[in-house]
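Novice: Next come the chains, spelled out residue by residue.
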Amino acid sequence: MIDMLRNLALLFIGAALVNNILLTRFIGLCPFFGVSSAMETSVGMAGAVVFVMTLASSATWVFWNVLLEPLGVGDFLYIPAFILVIAALVQFVEMYLRKAMPGLYRAMGIYLPLITTNCAVLAAATEAVKPGFFKMNIAYGFGFGEAVVYTLGVAVGFGFALISFAALRERLDVAPVPKIMRGAPMAFVTAGLLSLGYVGLSGMFGI
Amino acid sequence: MELDLVLKAVVALSAIGIVASAALAAASRKFYVEVDPRVEAVLASLPGANCGACGNPSCFGAAEAIVEEKIPITACTAGGQAVADAVAAVLGVEACAVAANVSLRHCGGGRAASRTYDYSGLQSCASVARLAGGDLTCPYGCFGYGDCMKACPFDAIAMDHRGLPVVDLDKCTGCEACVAECPRGRIGLLAMVPSEGAVAVRCNSHDKPKGRKAYCSMCCIACKKCEKACPADAIHVENLNAVVDYDKCTGCGQCVAVCPQECIDLTGRDAMVSSALADGRGPKVDGFVPRETTRLDFAEEEPSE
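Read top to bottom, the protein sequences are chains A and B. Residue numbering for the first sequence follows our numbering, beginning at 1 and increasing consecutively. Residue numbering for the second sequence follows our numbering, beginning at 1 and increasing consecutively.
Where hints are given, some of them may not hold.
[Stated by the list, open to error] Within a straight-line C-alpha distance of at most 20 Å, the following computed EDC-like cross-link-like pairs (lysine to aspartate or glutamate) qualify:
1. K8(B) to E69(A)
2. K99(A) to D85(B)
3. K213(B) to D247(B)
4. K130(A) to E170(A)
5. K150(B) to E170(A)
6. K8(B) to D75(A)
7. K30(B) to E94(A)
[As the list claims (entries may be wrong)] Pair ranges (Cβ atoms, derived):
8. R106(A) to A257(B): 53 to 63 Å
9. T117(A) to V243(B): 52 to 62 Å
10. G188(B) to S202(A): 38 to 48 Å
11. F188(A) to E238(B): 53 to 63 Å
12. A184(A) to E69(B): 57 to 67 Å
13. D155(B) to V43(A): 35 to 45 Å
14. L240(B) to F188(A): 46 to 56 Å
Hints were generated in silico from the structure; no laboratory data involved. These numbers come from a predicted model, not from an experiment. Glycine residues also receive a C-beta, built at the ideal position from the N, C-alpha and C atoms.
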């Protein structure tokens with residue numbers, strides 16, 4: 001039991017920090033630069049990503065293990081199948097939220113459809129059923145619990161990186177940056193430096 | 001074997017598709033939220049800038065509130081008369097006149113006003129205001145670090161070569177975002193005036209006029225010449241500062257002519273300055289001579305002498 005919890009905790013940290021999806025694996029960079037110019041939007045985006053990524057990966061894990069894998073078509077069909085599942089799921093969740101939790105719906109409103117087929121969401125869903133697909137060295141398949149914890153880790157890592165980058169960019173807006181470097185160039189340099197910090201964690205925990 | 005695999009793929013994807021569409025169809029019935037069609041129609045006639053001037057977080061929120069009659073149809077100050085008319089048409093009610101307001105800066109100091117200390121920190125009014133009350137000696141004037149310009153959702157404010165924000169009256173919608181952002185907005189540095197208001201007093205100080213003149217050459221000295229010159233009894237010195245009553249003001253310009261400090265201004269001049277800056281004709285505008293240059297880099301191009 002303790003061993004299992006320890007493994008799950010390591011899996012979570014490994015997914016969130018050591019193998020951070022944005023800064024060490026460079027997946028999902030479009031929202032990373034697109035919504036990180038203000039703290040408010042990046043917090044909204046991070047919340048929506050945590051929500052959608054975890055739900056989507058749980059659903060795709062079920063579809064993979066119930067349908068795709070037994071039929072033997074998973075290896076080439078996983079991308080269209082996952083996109084279909086994720087898109088339908090996000091639509092469903094959006095409808096549900098609108099009815100049941102209007103407050104949450106308004107807070108996440110525009111971000112939900114935005115991340116429907118975000119590459120980070122698709123990557124997390126893929127890795128939940130094919131561990132190690134994007135260079136994460138896990139030699140065994142995930143159970144449902146592990147898949148959920150893993151994607152939660154990825155999503156939290158995504159949110160953490162996004163929010164910390166937004167904080168950096170807000171500071172950069174008022175910093176005396178040379179004119180030629182203002183805006184996107186400085187954001188790219190900052191992202192590179194931030195990424196260096198995360199890459200420095202690689203090799204920890206042995207996963 | 002090949003055909004088998006293709007069939008399986010078709011079956012798998014179709015199954016997912018059918019399950020998903022069935023679930024969505026069921027959900028759209030079960031979780032159906034009735035949206036008042038008037039809300040959508042009102043939303044379509046609002047500007048969609050989500051500026052928040054009406055007190056609602058978004059134009060959608062405003063549309064809902066307008067339909068529920070929580071706020072009047074003229075609530076959209078940013079949209080003005082045109083939007084009020086459109087909303088009135090949608091809701092089938094009588095349109096009424098909107099009192100359009102524009103933002104006005106009651107300060108003409110800028111770089112001509114003296115500073116108590118040399119500030120080189122974060123280039124923001126909110127920041128400098130927290131440092132011993134600000135670098136500007138005048139406790140009522142404009143710091144000139146452009147927080148209002150950054151806050152303006154309609155791009156109507158620009159910083160000119162005097163280090164002062166100029167409001168483009170055509171673009172200003174009266175949303176008061178700049179007044180809320182200005183650290184001295186609450187003491188009247190930026191204030192809303194009727195858009196047809198013709199004159200502006202470029203001073204907000206209530207200090208003793210003599211002391212005031214020592215730290216700012218552009219200030220109102222409370223000499224009351226404007227009060228005497230005004231044929232419409234529309235300008236008065238109240239609390240050591242000239243105040244215009246826009247209900248009475250006819251825009252004749254007598255006060256502008258007699259002011260010894262060039263502190264009363266035709267409001268339209270603000271708009272002139274911003275377009276003049278754009279053409280590079282900035283320094284030719286009457287009465288605005290840059291007195292000294294500082295390290296502050298407000299305008300993109302420095303005025304050529």
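Novice: Does each hint hold? Answer for all of them.
Specialist: Checked hints:
Annotation: proposed proximity of K8(B) to E69(A) holds, straight-line Cα distance about 11 Å (limit 20 Å). The hinted pair formed by K99(A) and D85(B) fails the criterion: a straight-line CA distance of about 33 Å is larger than 20 Å. The straight-line distance between the Cα atoms of K213(B) and D247(B) is roughly 30 Å, outside the 20 Å bound, and the hint therefore fails. At most 20 Å may separate the alpha-carbon atoms for a hinted pair to count; K130(A) and E170(A) exceed this at roughly 37 Å.
A distance of roughly 14 Å separates the Cα atoms of K150(B) and E170(A); the hinted pair therefore holds under the 20 Å criterion. A C-alpha spacing of about 12 Å is found between K8(B) and D75(A), which places the hinted pair at or below 20 Å, so the restraint holds. Annotation: proposed proximity of K30(B) to E94(A) holds, straight-line Cα distance about 13 Å (limit 20 Å). Look at R106(A) against A257(B): about 54 Å separates their beta carbons, and that is inside 53 to 63 Å.
In this structure the hint that T117(A) and V243(B) lie 52 to 62 Å apart at CB holds, the actual value being about 60 Å. As the Cβ distance of G188(B) to S202(A) is approximately 58 Å, the hint placing it in 38 to 48 Å is violated. Distance hint for F188(A) and E238(B): a CB-CB separation of about 55 Å, consistent with the stated range 53 to 63 Å. Taking the beta carbon of each, A184(A) and E69(B) are about 46 Å apart, not inside 57 to 67 Å as hinted.
At about 26 Å, the beta-carbon gap between D155(B) and V43(A) misses the expected band of 35 to 45 Å. For L240(B) and F188(A), the hinted distance range of 46 to 56 Å is satisfied, since their beta carbons lie about 54 Å from each other.
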